[in-house]
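Engineer: Chain by chain, the residues:
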Amino acid sequence: MNFGFRGGRGGPMHGGAMRGGWGGGPGPRPSGGPPTARPPPFDLTLCEPMFPKAHESDETAVTQALLKRNQDLSPTPQEQASILNLITKVKAALEKMIVAPELFTAAVVEEAREVGSYKKGTMLTKSNVADLVVILRTLPTVEAVSALGNKIVEEIKAAEPKEVLGCVPRDYGCEIAGTQAVIRLLIATLPQNLKMLEPDLHLNEAIMVRHLAALRHARWFEENASHSSVKVLVRLLKDVRKRFAGFKVLSVWGVELLAHYAVMNTPSRQALALNQAFRRVFQLLSAGLFLPNSPGLVDPCDPSARIQQGLTMEEMDLLCSTSQTLLRVLSHGGYKQVLGLEGSATVATEMSFWDGIVVTPLEKAYDAKEMEPLIVGEDGNTEMMEIQQPAAAAVEATA
Amino acid sequence: MYGGFTPGGTHYSTGAYGAPPTGAYNAAAVSNAYAAGAVAATPYFSTPGYASAYQTQSAASGTPTTPFTSRVDTFQSPNASLRSGNNSYTTGVTRGASNSGMPRMPSSNTGSPVRTNVTVTNLSTGGTGGTSTYTGYDAAVYAAATSYLQSKATGGSGTWLGLRKSGGAGGTRGSFPNKSRGGFGGSGGGGGAQQQLHYCEVCKISCAGPQTYREHLEGQRHKKKEALLKGNAQQPLAKSKVSFRCDLCQVTCTGQDTYNAHVRGQKHLKTLKLHQTLGKPIPSNEPTMIAPSQPPPMPGGAANAGGKKVIGVPQMSFVGGQKLTTTATGQQIEASSDTAANEAMQAALLAEQNVQPVGDDYVEPIKDHTGKLVQYFCKLCDCKFNDLNAKDMHLKGRRHRLQFKKKVNPDLEVEMKPNTMTLRMRRATDERQRKDLMRMRQQELWSMRAMYNNQMAPTPLFGANAGMPKPLFGGPHDGRHGQRGESNDDRHVMAKHVAVYPTEDQLNSVQKLVIDTEKALKAVSDHYAELEKAAGGGEAKPTPIEEDTTTSSTDGVAALKLDEDKPKAASDERLLKGVMRVGLLAKGLLLRGDTTVNLVLVTEEQYEVNMKPEESCLVVKSKTEPAIECFVTLTSVLMREVVAEGDATTTRDTGTLLPAHFCLQALAELRHAKWFQARCSNLQSCLVTLRIMRDICQRIPTWGPLSIWATELLIEKVLTSCGMPLSPGDALRRVFEAVAAGVLLPNGPGLLDPCEKDVMDALTGLTPQQREDITSSAQHALRLIAFNQLYKILAIDRLPDRRVERKRPRDSNGSADEGRLVNGTKKDKKEENGVESAADGATQAAPLATV
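Protein sequences appear in the order of chains U and H.
For what it's worth, UniProt numbering labels the leading residue of the first sequence as 1, then goes sequentially.
For what it's worth, UniProt numbering labels the leading residue of the second sequence as 1, then goes sequentially.
With the rest of the complex left out, here is chain U (with noise of 0.2 angstroms):
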């Protein structure tokens, strides 16, 4: 496994306080001295010898719901086709460049790959974009990388002339549009010329830096989560991260590391089945896997970040919340409307019924007062005023 999740800690003692776990993410840390390490939050897949089920329950339903959905949001064939016919070609101009780069002179091209969704096997329908991450061994001026687009345009229409092409450049590099897909040129400049990037004549670092961290995660999942259930329910995560706000936070490699955790991490390094591992999901973010002090997920690409680290306090609580609502709507069997096979996304912010059962919404419970330190001076007087809340009123207005 990848995960430094659950290694790392150093024995059973928790004395290995990794200071500053979860890092320097953006916004207020909470205080009381530097963020101890928690112990990761509690899972009840990981649990499961110590929670033998007293009753068993039916979810053939659920998973048949799942591959209908995962059916749904696949790429058509025509689709898969019209991509696979597009890269092809654009690879194929590309490698003639690689093999003989003087017949192109504007940048040298190091080598071309797919990374993405496309890469991955977790293409959504209807969003019919390959990503192809083009190293560059020249430093990627602007026009650099337009020539490159247009070079390969023109190379397929000279092979093919009646192909309807367009080459658009983006700040990520060029777009190669045909009609029924489009290819996305990320460009990148190997690692050792990022310095010399300068911000007016070259494409900007931060999004080479990106580009290249896109092809390790290309290859993490090409090695590690090539389990069709881990596809499946990225597919479906992303989904879900389209419908609901509160997920729109997670980055789609967070939602990666997150099926594959769901998917693999289990006791017994069996994979778990889709509905259980769809419902993980949930329960771990449920559970507070990105709340601040979780230890969260450690990036296998990159071991120093962890995924909640670009989350900012206010959007932790809301993936936290959200996530919760939606596990309750769940398990009174709302997957449906989760799925988006019926209703709308408004379960996760408005009141609804279930079998009579009210699911009210969760409020935010993240507050900048509360998470800036309450010092008291050596005259006892507080430096920091604070509202003395009465007892529990907040745990009494959920209740």
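Worth flagging that the hints you see were computed from the coordinates, not collected in a lab.
Worth double-checking, as some hints may not be accurate.
[To be verified] Pairs of lysine-lysine residues, derived as DSSO-like cross-links and limited to a Cα-Cα distance of at most 27 angstroms, are as follows:
no.	chain 1	residue 1	chain 2	residue 2
1	U	K157	U	K248
2	U	K195	H	K674
3	H	K396	U	K195
4	H	K270	H	K372
5	H	K396	H	K367
6	H	K367	U	K195
7	H	K391	U	K195
8	U	K96	U	K157
9	U	K126	U	K369
10	U	K195	H	K384
11	H	K405	U	K195
12	U	K248	U	K68
13	U	K53	H	K757
14	U	K53	H	K674
As the structure is a prediction and not an experimental result, all values here were calculated from the model.
On the provided structure of chain U, position chain H as indicated by the hints.
Structural biologist: Below, chain H alone, put in the same frame as chain U:
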């Protein structure tokens, strides 16, 4: 011929004399040998090598004890006048410990070293063709001359500097180097344009003019060097590494690389060039190696033969080849200590060689836009270097290797610094050991106390020690959260815990009531036993008795019903088998304000009670405040069997038995108490979490439906499943995490009751809506905890944050933190709690590990 020298002082090597001067080393050796006597070379000889040799020999044949200084002095005055044209200079030489392994001054017995002044004329500029033939020889002589200077500086007569300052007045041996002295400088002969050079022998630099030279002599740098040479100041040397010394510049480097860098450096090259122009002897490029933890050599005190010098290394031929002619015992000792040093040095050298530069790829050359290399940048360590030397050294350096290990290759071995343990770290280790000891002691104490506390088997009510007051509670604290520094959450939880923990008064009155009741029951049992004895054991029909607590028991039908069991039971067993504390009392979960406790009376019989038959219990109520009620529930193991057989209705119908439901509940309570003892009481933070959760269940209506038993089960499962001890704050958060993750939800796993034979869900009583509400509440609570608002859930005031600076580890009595923590008594109390429970937790860690 030379035999006479041996007593003359030191360790003259005879072996070296026989060696023909074939190489540089040998030449050095020869010069060493000669140096034993006196060498005086005068400029009158056109071939100075021979001259010196000749002179030496002649001098050597003379009496060695005669100081040659006077003789040289006589030489010197004409010498000085003649010399200037020849670009030569006069030096003095002391041949000290000429076999060079011994860095100490020779001839201690004579009081003053055998000192010889050597006047060497270098004709390098004047140019005699013959000289080149004897370069080896020359070098040897020059080296000897150089070393004389140094010995002069360090030896007894450090006066030459002063003499020099005074412009060479006195005409003694202080006259040597200063060519610019007096009016001689201008009188250059065929030697070409004689530059006016102000050369400082100590610092090996030249100054542009007399003014600067004087300034230099008064400068701090010079003074420092001078002090160093005189041996007043000790040069700090690496204790664990071989030091390399550049003899030319007299610079000590901490490693081969540093040395290389030095040799390539500008300063060295400058000095080299200067020496070349001056025609000074130039020691070889090879460094002098100094073994670790060896005192730095007195510059010049040791044999400063030209060429490679090694102090304390035997494998260098000219050291090893020498036999000491005087093998005094003291020398042997010294030699052995030398070998030890040698071994250390070899090891250090080996280690040095093993260090290969790593991660060359991670250093990028940074060029400016013209393509000119301006900098190197190490990506691993995020630092920059200006030149190649620095880059090479960085690649071999410890910091870089550590980074490389951390970021690139975790298998890379990075040797520990032997003396990495700083004083502070050592102190911390001591502190830790002391704490461990304390904890072990505490552990013993607590395990003993636990032996008394944890007698959960039915109280041996009828035994000898009945009525012995037992502590009801094992102490309010059981978290070992002292280990990882308390988090903010921990502090809140513990503060709340102190608030809900029953008061001393309450505990005492509960204790009293329970003991009284137990005593009373014992009396009843004794009474039955008496009766039985009186009846001779045949008739086993106890009569109802009246207790002062208005409890009466009759067993008419039941006794008849169980008649067949009677005979064998009655003879050796008592009717009332025992009384057991159950529920909150047994588990130590009483909270402040709880006024009821439960006892279960296990009988041989089935009982009816007058007092409260509908609950199959008798209530003992204390009249004094606080009013504590003791529910003595009567039950019998037989009840369970009866119900299991499906006879519940018939038994009930008799109307004389106690209600089966309550009896069974009492039995279940007994099992729960036992389970609790086995699983929960030793679980880290479990009791604290339970008390807090009980408080929440009482306080917040949403949580009300959750039974105490379900709470206990839930918490036990959740905390055990973590697999590691949790601090109270973490434990509470984990419980909320579990509930938030839907453990209680309708399609969750439920809580399998371990105390029932059949598969039973301890959550059966909850409606789906209740489960939903509890989950929802827990989900919100979890986020409140995550966002620093635990105090809202606990319904306490927010505690002030602890200051960030944690100066020293917490003292075992908590005093270290006092003063920083303000907020009055609550604070201090909490601190103590933390410490106590830390000790407590230690006792509980062992059983936990086996779970």
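Engineer: For every hint, state whether the structure bears it out.
Structural biologist: Hint by hint, here is what the structure shows:
For the given pair, K157(U) sits about 39 angstroms from K248(U) by alpha-carbon distance, which is inconsistent with the 27 angstroms threshold. Between K195(U) and K674(H) the alpha-carbon distance is near 68 angstroms, which puts this suggested pair outside the 27 angstroms criterion. Between K396(H) and K195(U), the direct Cα distance comes to roughly 25 angstroms. Compliance with the 27 angstroms bound is thereby established for this hinted pair. Restraint check: the Cα-Cα separation between K270(H) and K372(H) comes to about 26 angstroms, which is no more than 27 angstroms; the hinted pair holds.
A C-alpha spacing of about 23 angstroms is found between K396(H) and K367(H), which places the hinted pair at or below 27 angstroms, so the restraint holds. For the given pair, K367(H) sits about 10 angstroms from K195(U) by alpha-carbon distance, which is consistent with the 27 angstroms threshold. Proximity of K391(H) to K195(U) is assessed by CA-CA distance (about 19 angstroms); at most 27 angstroms being required, the pair is judged to hold. A hinted pair counts as satisfied when its Cα atoms are at most 27 angstroms apart, and K96(U) with K157(U) qualifies at roughly 15 angstroms.
Taken as a hint, the K126(U) and K369(U) pair is broken in the structure, with Cα atoms around 44 angstroms apart against an allowance of 27 angstroms. Distance restraint check for K195(U) and K384(H): the Cα-Cα separation of roughly 13 angstroms lies within the 27 angstroms cut-off, and the hinted pair is therefore satisfied. Taking the CA atoms of K405(H) and K195(U), the gap is near 24 angstroms; set against the 27 angstroms cutoff, the hint holds. Straight-line distance between C-alpha atoms of K248(U) and K68(U) comes to about 23 angstroms, which keeps the hinted pair within the 27 angstroms bound.
Of the supplied pair hints, the one linking K53(U) and K757(H) holds, its CA atoms being roughly 15 angstroms apart against a limit of 27 angstroms. For a cut-off of 27 angstroms, the pair hint linking K53(U) to K674(H) stands: about 23 angstroms separates their Cα positions.
Violated hints, in rising order: 1, 2, 9; the structure is consistent with all others.
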